[in-house]
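Following the hints, position chain B against chain A.
If you read the protein sequences in the order shown, they are chains A and B.
Terminal number for the first sequence in the working numbering: 685, no gaps in between.
Terminal number for the second sequence in the working numbering: 685, no gaps in between.
Calculated directly from the structure, the hints in this document are not laboratory data.
Keep in mind that a hint or two might mislead.
Any copy will do: because identical chains look the same in the list, a pair fits if it lies in one copy or spans two.
[To be verified] No more than 35 Å apart at the CA atoms, straight line, and that leaves these computed lysine-lysine pairs for DSBU-like:
1. K197 x K84
2. K34 x K72
3. K84 x K34
4. K72 x K197
5. K608 x K461
6. K342 x K30
7. K72 x K342
8. K100 x K34
9. K34 x K342
10. K34 x K197
11. K72 x K30
12. K608 x K459
13. K342 x K84
14. K449 x K459
15. K100 x K72
16. K608 x K630
17. K461 x K342
18. K630 x K280
19. K459 x K342
Keep in mind the model is a prediction, meaning the values are calculated, not measured.
Number of protein chains: 2
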Amino acid sequence: MTMQDTIQETPQTATWIWYPGDFEIRLHEKMSVKRRTRGVPYPAYWRLDRHYSNVKFRYVYDLPREEQVAIKAEGAFSLYLDGKDNDRTDEPVIMLPAGKHEISVSVFNDVEMPALYIEGPNIRTDASWEATSYQNDWVPAGMWTFDSPSAPPSAFRLAVEPQEPASAEEVQGHPLLDFGRETFGYLRFHNLQGTGKVRIYYGESRAEALSTAECYSVDRFDAGEAARLAEDGVYTLGDAKAFRYAWIHADAGVSWDRVSMLYEYVPVTYRSAFACSDPKLNEIYEMSLYTLHLNAREFFLDGIKRDRWVWSGDAYQAFLMNYYSFFDLNVTRRTLIALRGKDPLVMHFNTILDYSLYWFVSLSDYYLYTGDIAFIRQYYDRAVSLMDFCLAQRNEEGLVEGRQQDWVFVDWADLDNSGAVSTIQILLARGLEAMSAFAAELGDAAASKTYLSLADDLKAKTLCLFWDEERGGLLHHRVDGATQPMLTKHANMFAMTFGYLSPAQQERVIQSVMLNPDVPRIRTPYMRFHEMAALCESRQHDYVLQEVRAYWGGMIELGATTFWEEYDPSLADDAHYGMYGVTFGKSLCHAWGAGPIYLFGKYFLGVKPLSAGYETFVVEPQLGGLAWMKGTVPNSAGEVEVDMDASRIRVRATHGHGVLRFTRDGETVEVPIPADGSWLEASLL
Amino acid sequence: MTMQDTIQETPQTATWIWYPGDFEIRLHEKMSVKRRTRGVPYPAYWRLDRHYSNVKFRYVYDLPREEQVAIKAEGAFSLYLDGKDNDRTDEPVIMLPAGKHEISVSVFNDVEMPALYIEGPNIRTDASWEATSYQNDWVPAGMWTFDSPSAPPSAFRLAVEPQEPASAEEVQGHPLLDFGRETFGYLRFHNLQGTGKVRIYYGESRAEALSTAECYSVDRFDAGEAARLAEDGVYTLGDAKAFRYAWIHADAGVSWDRVSMLYEYVPVTYRSAFACSDPKLNEIYEMSLYTLHLNAREFFLDGIKRDRWVWSGDAYQAFLMNYYSFFDLNVTRRTLIALRGKDPLVMHFNTILDYSLYWFVSLSDYYLYTGDIAFIRQYYDRAVSLMDFCLAQRNEEGLVEGRQQDWVFVDWADLDNSGAVSTIQILLARGLEAMSAFAAELGDAAASKTYLSLADDLKAKTLCLFWDEERGGLLHHRVDGATQPMLTKHANMFAMTFGYLSPAQQERVIQSVMLNPDVPRIRTPYMRFHEMAALCESRQHDYVLQEVRAYWGGMIELGATTFWEEYDPSLADDAHYGMYGVTFGKSLCHAWGAGPIYLFGKYFLGVKPLSAGYETFVVEPQLGGLAWMKGTVPNSAGEVEVDMDASRIRVRATHGHGVLRFTRDGETVEVPIPADGSWLEASLL
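Next up, chain A with everything else stripped away, as it sits in the complex (with noise of 0.2 Å):
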């Protein structure tokens, strides 16, 4: 490389950098222990992995003179050149010399993660620097959007943005606020006077912020140490929650001029769009954005009200969901790194079996969505050894079993998951896929070639040992060398989902699995999501509909603003909002529940990439029933737009290489789709 390449190559701004992941698993960190039960700390139960305190950043340079430069770290940094450790300097201002010179910079921060920031005219801290745990293992550092030296990393915070109360009345006495629909954020009290305690009963639902006994999220606060510490007659709570309404009670002689709040979000871009011939779907379409939202923050949580934790189950659905709206990349990307963690891998994710084979399949269909291969690459080391460590708790048929402190979840329901899962071996075989993919990207095909082979051998042994040909599917569970004899949808939704089956088998499943009543309901939302998927794969929209309609539509009728948890329309009045044994332990602002985007996008509206990155896509709308529908669903580089009714389609897309697919008088007929952004239009008459 010539001196000139180098600084041509050099960036307009230089940006905080650190080691790679270390943001992220510190964010995870912090956010893992923020939920509150009663105001009482409730961290998450599983080992919180911490950023590398003690880190070291480098970078070679040839400048034809001297420069510059100014220096900032979070922590204490000496930097040197040329390997001369024993010459260091922490001077915040140092002139580098001419010529070909390697710095290094050693930082410590036992506190926050350790960041570096270098600006002179040439020489600046950026992705081409590299970091160092002191673990043989020099690689590009970490950097994002972080490019002002007084904004470091460990500044890190959520928009926000000041939010009226929709209406208030008082209750006994008591103010109660209705903010008109969930939110999340800060209370703050406006001129805030006199001395006493003041008590806030948060509540998703009128009722449970009327319970001041079993409400979820509660807040106490000294009015007289809360009015010193007010900033222009504004006292801002300092814990965020997630509420519709509060009922505040002072002591007598408290006063304030009103009571707003403080929203916190990340400010994404609604970047898709759903309208139907059926109001009820859109107004579900905008509720399930709109959840989704709230729970896209740090990272993509369960619920805001609760755990408010990460789980990897969870963050795969709305990943998903995420891909046909929001596409913000940001949101997935910590949470991806976040789930990973670092190393030793002793328990899986969250506790749980499933929630670590997640992981796979999510990194692959970040992949598909955005073709960000140098996320990969930079994450892939981790992916073999996470591997690894599932392929260790194979059974001498090959089989991956629960371990005695593992939690085999599959789903919230009265399941037997003892011995080896048909659901785990699929969702493995998927993420073995995955990794052989990858392998084949980041030019390995050796190791390609070994993922491939454990993952047809596990598909195969898979349909082998839990396919019963008389009753149409894939039995639950094998203990001991026999398969029982339980039925559940779940492995057959996802093998069909991933394509495991075969016509036969997939038509079979329909009928005797997925539409036989016999064979026990799923009930969560969490699983709905990929039953709906799987009934869409198999052409079962009017279906689709018809349980979208009486499932989200009946939270909706019950008076939700954003989806909940959990929904079962036999229960009567309050008993909705309780959960886990606990009164109001329902979060009514659920991820999980926002999965009609998902099915809206990829199903109806048919948008689905087919290579990395939306290089080659299809189009393949269904109504469902519907009379029209038409949409937006976005991707890295532009988006596609569908908008079709009984008698024609029309399809537009900014990018790659589309093929609007459908059936016209009973055959199947392809048509590209312009590559230069005008509309297609195809009659289905």
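Quick look at chain B alone, frame taken from chain A:
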């Protein structure tokens, strides 16, 4: 267990508890970044492990009546009973219900180590509580001597004591203080007045302090600011330093009454003694004790000026010296735990292959000298995984080689350590023997047998592949299946000390290797420690005393007040102070310089444990040409005293089954040492 049992077993005081090992690991993280080179941070260049930020404690009690307890935590805690994790409290005082219940307490702390202190009439935190890092690992909680709720683990500090300079003079108009001998601590300015800068140049030698441009340690502060920080008129500097001299340069207008220092140290007891007919040796012994004491701090450091890091090979020697002097097991245990750190093992201890192996030998010595099987039990799993890590590095011949990223050290010498180095195999064999012994003690006979068989194989293979019958010693290394002709003392010394050679081989090694001037001389006190020990093992006591007088006596001649990192009598004047290409780079107070403590105690007084905790021991005194000597060697239960001249030996022991062994008329005589603490006297005539 009955209720009565529970209550009886409750100790008298509560104590702070934590996840075992995390106190030492957190302290090590902090201490590893204390090094400063001319005021600039110089952190350790290996991964610094970190405490778990998220831990949980549990305890099952059975109480006849309810009981009020007070709870303190370092970190955010929440407590719940009987697994009801939705019903938590973080109140500082609670009432525990009567009956049998399980207490769970989660504690999160991402700055200092999570720790818990609960105190009630019967329920109190102690080592009978268990802790988990949420990795399927309920283990007995860690604890030490933090018995007061107001003195939590994070407040741990060494002891301090004021010291005055021995003398002062003006040099070039600036005061040069001389504290009389090497010391460590914080300078203090009494009644500081005026404004301006104060600069301090520290020196372990006078020449270093007077070299403002090149002295290793410096301080600089603003007098006005310092005066504001003063307590009771005394400003104490923030960073402790190693020095004998301090040269103080102040701007005009800055004044003070006097400068003293706050000596910082571990309050050990000097439990050993040695005196003999040669006053020079007595001086060497006392100076060795002081040298070791200065380096026995939070951990055993290599040197107090530089590096102030915990090096496993250095610590191995300090442990042995400590058994013959202070017998302070706290520093030893802290050091052993800090060195092992956490998983995953990626690099070797201090990046050095041999340093991982020394840890097993150190742990083995710890058990031999103390009999503390509880400590071995607590850290056995970490020993097993370290051994797995080391064994994974064996080549096709079954010999351990350094990986590309490993430093194979052996000694500070110009050695070619490529391929399989014989010293490494011998250290590994000794480690495997130690693991076999631990496994046996802990009741795992199968593991014990496996380790022993691995050790025996490796010893046999090493003797077979490296022994050169013609040259009478073990050759240095083997590359690509071919043993190379290089002959060094190192492997031969260790093989002799560990008893791996036949008597005939041992005799040949002494003459053909150890006393052969054609074999490269050992120049570092580090390896001279082992060389002298090996020579003593072969009864070369007269020769060893000559060497001690010349080598350690030589440093005293040059004005040493503590022993150095290295000593080369051929150097002139201030050239003694340089090392690593740095003018004052040499450490003049280095733990490995204190070797005579070990030599005199083990090989002259001749006190050696034969089984764990001095349950059996032998005393084999050797005058080595001295007219008389007497001394004391401590152990866990008391001490052994020896008093010998040419005509008789007197021995007294407070504990254990000891045997006095000596030679009379060319025959070996063994006499049991009385168990009642009375003196045994044996005539040598």
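For each hint, the structure was consulted:
{"no.": "1", "hint": "K197 x K84", "in the structure": "between (60 Å within a copy, 29 Å between copies)"}
{"no.": "2", "hint": "K34 x K72", "in the structure": "both (30 Å within a copy, 20 Å between copies)"}
{"no.": "3", "hint": "K84 x K34", "in the structure": "between (44 Å within a copy, 19 Å between copies)"}
{"no.": "4", "hint": "K72 x K197", "in the structure": "between (43 Å within a copy, 25 Å between copies)"}
{"no.": "5", "hint": "K608 x K461", "in the structure": "within (29 Å within a copy, 63 Å between copies)"}
{"no.": "6", "hint": "K342 x K30", "in the structure": "both (16 Å within a copy, 22 Å between copies)"}
{"no.": "7", "hint": "K72 x K342", "in the structure": "both (27 Å within a copy, 31 Å between copies)"}
{"no.": "8", "hint": "K100 x K34", "in the structure": "between (48 Å within a copy, 31 Å between copies)"}
{"no.": "9", "hint": "K34 x K342", "in the structure": "both (21 Å within a copy, 26 Å between copies)"}
{"no.": "10", "hint": "K34 x K197", "in the structure": "within (23 Å within a copy, 46 Å between copies)"}
{"no.": "11", "hint": "K72 x K30", "in the structure": "both (24 Å within a copy, 22 Å between copies)"}
{"no.": "12", "hint": "K608 x K459", "in the structure": "within (24 Å within a copy, 64 Å between copies)"}
{"no.": "13", "hint": "K342 x K84", "in the structure": "both (31 Å within a copy, 30 Å between copies)"}
{"no.": "14", "hint": "K449 x K459", "in the structure": "within (15 Å within a copy, 41 Å between copies)"}
{"no.": "15", "hint": "K100 x K72", "in the structure": "within (23 Å within a copy, 56 Å between copies)"}
{"no.": "16", "hint": "K608 x K630", "in the structure": "within (16 Å within a copy, 89 Å between copies)"}
{"no.": "17", "hint": "K461 x K342", "in the structure": "within (32 Å within a copy, 38 Å between copies)"}
{"no.": "18", "hint": "K630 x K280", "in the structure": "within (15 Å within a copy, 98 Å between copies)"}
{"no.": "19", "hint": "K459 x K342", "in the structure": "within (29 Å within a copy, 37 Å between copies)"}
Comparing the model with each numbered hint stated earlier shows that all of them hold.
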